[in-house]
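Colleague: From just these sequences and the hints, can you work out the full model?
There are 2 protein chains.
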Amino acid sequence: MIMSEKKNQSFFQKPSVAEMVESIVGCKWSLRVMQLIRNGVNRPGEMQRQTPGLSTKVLNERLTKLQRFGIAEKEVFPVTPPHVEYRFTPFGDKFLGIIDSIEDLQQELAKNEL
Amino acid sequence: MIMSEKKNQSFFQKPSVAEMVESIVGCKWSLRVMQLIRNGVNRPGEMQRQTPGLSTKVLNERLTKLQRFGIAEKEVFPVTPPHVEYRFTPFGDKFLGIIDSIEDLQQELAKNEL
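So the protein lines, in turn, are chains B and C.
Under the numbering used here, the first residue of the first sequence is numbered 1371, with each subsequent residue one higher.
Under the numbering used here, the first residue of the second sequence is numbered 1371, with each subsequent residue one higher.
Because the hints were derived from the structure by calculation, they are not lab data.
These figures come from a predicted structure and were not determined experimentally.
Backbone N, C-alpha and C fix where the C-beta goes; we use that ideal spot for every residue, glycine too.
Wrong hints could be hidden among the right ones.
[Claimed, not checked] DEER-style ranges, computed between Cβ atoms:
| no. | chain 1 | residue 1 | chain 2 | residue 2 | range |
| --- | --- | --- | --- | --- | --- |
| 1 | C | Asn-1430 | B | Arg-1457 | 40 to 50 angstroms |
| 2 | C | Asn-1409 | B | Pro-1451 | 56 to 66 angstroms |
| 3 | C | Ser-1386 | B | Glu-1443 | 26 to 36 angstroms |
[Stated by the list, open to error] The following residues of chain C were derived to be distant from chain B, with all beta-carbon distances above 12 angstroms:
| no. | residue |
| --- | --- |
| 4 | Asn-1409 |
| 5 | Val-1411 |
| 6 | Arg-1419 |
| 7 | Thr-1434 |
| 8 | Val-1449 |
[To be verified] Okay, derived cross-link-like pairs now, DSBU-like style, lysine-lysine, Cα gap no bigger than 35 angstroms in a straight line:
| no. | chain 1 | residue 1 | chain 2 | residue 2 |
| --- | --- | --- | --- | --- |
| 9 | C | Lys-1481 | B | Lys-1464 |
| 10 | C | Lys-1384 | C | Lys-1435 |
| 11 | C | Lys-1464 | B | Lys-1444 |
Modeller: Dropping the structure here:
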């Protein structure tokens, strides 16, 4: 992908899909945030209310990571007070499918079905 | 999973599916060996002949890992000279599907289709 040189290169540099999988499946908060977005919980404040133990700092880090990976995108609504919503990109939807497959296979394995 | 105490615990202890994905996608030789088995190259000698640079030590380590993960199984044929063949287990077939999904999504990303 060719990026404008004026953009923040480090923010837009993407790891490989395999590296993204490693980064996401190894992080319970990343998985939790993806689950929340899937369930229609799109606003950071509501994400925190539904997730005891999730600090603002950690939430923001995970949301930034999901954007950097191209999994989620942020929409800023120009209202007072301002509010933002996160949703999956088309890539994020497909990526979520892979995460689901990994979790499904883990369940099968745990049930000794394989 | 409850294991017989008589079995070699360390050999049979399985990491999570997510950890297996990390271990496999991060290792070109593991991916190569899985590709070979998929293509019907089931014997270690033939795997090496078709893969310049793959040492016997590395190949055996990767084959042992695939068995430990439950992805591949070894069949020993009682012939002279003895020969062994590796094939995917039912779990391995499903695991391969996940690896394929990751590689497909990487291709789409590389082609800028997402």
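Colleague: For every hint, state whether the structure bears it out.
Modeller: Hints versus structure:
At about 47 angstroms, the beta-carbon gap between Asn-1430(C) and Arg-1457(B) stays in the expected band of 40 to 50 angstroms. Our hint of 56 to 66 angstroms for Asn-1409(C) and Pro-1451(B) holds, since their Cβ atoms are close to 59 angstroms apart. For the hinted restraint 26 to 36 angstroms between Ser-1386(C) and Glu-1443(B), the CB-CB distance of approximately 29 angstroms keeps it satisfied. Asn-1409(C), annotated as away from the interface, keeps every beta carbon of chain B farther than 12 angstroms; the closest lies near 21 angstroms.
For Val-1411(C), the condition that its CB be more than 12 angstroms from all CB atoms of chain B holds, with the nearest at approximately 23 angstroms. No Cβ of chain B approaches the Cβ of Arg-1419(C) within 12 angstroms, the least distance being about 28 angstroms, so the stated non-interface status holds. At roughly 19 angstroms, the least C-beta separation between Thr-1434(C) and chain B is larger than 12 angstroms, which holds for a residue marked as non-interface. Interface exclusion of Val-1449(C) from chain B stands, the closest Cβ pair being 30 angstroms apart, more than 12 angstroms.
A C-alpha spacing of about 15 angstroms is found between Lys-1481(C) and Lys-1464(B), which places the hinted pair at or below 35 angstroms, so the restraint holds. Between Lys-1384(C) and Lys-1435(C) the CA atoms are separated by roughly 10 angstroms; this keeps the pair inside 35 angstroms, and the hint holds. Note on Lys-1464(C) and Lys-1444(B): the hinted pairing holds, with a Cα-Cα distance of about 34 angstroms set against a maximum of 35 angstroms.
Checked against the numbered hints above, the structure violates none of them.
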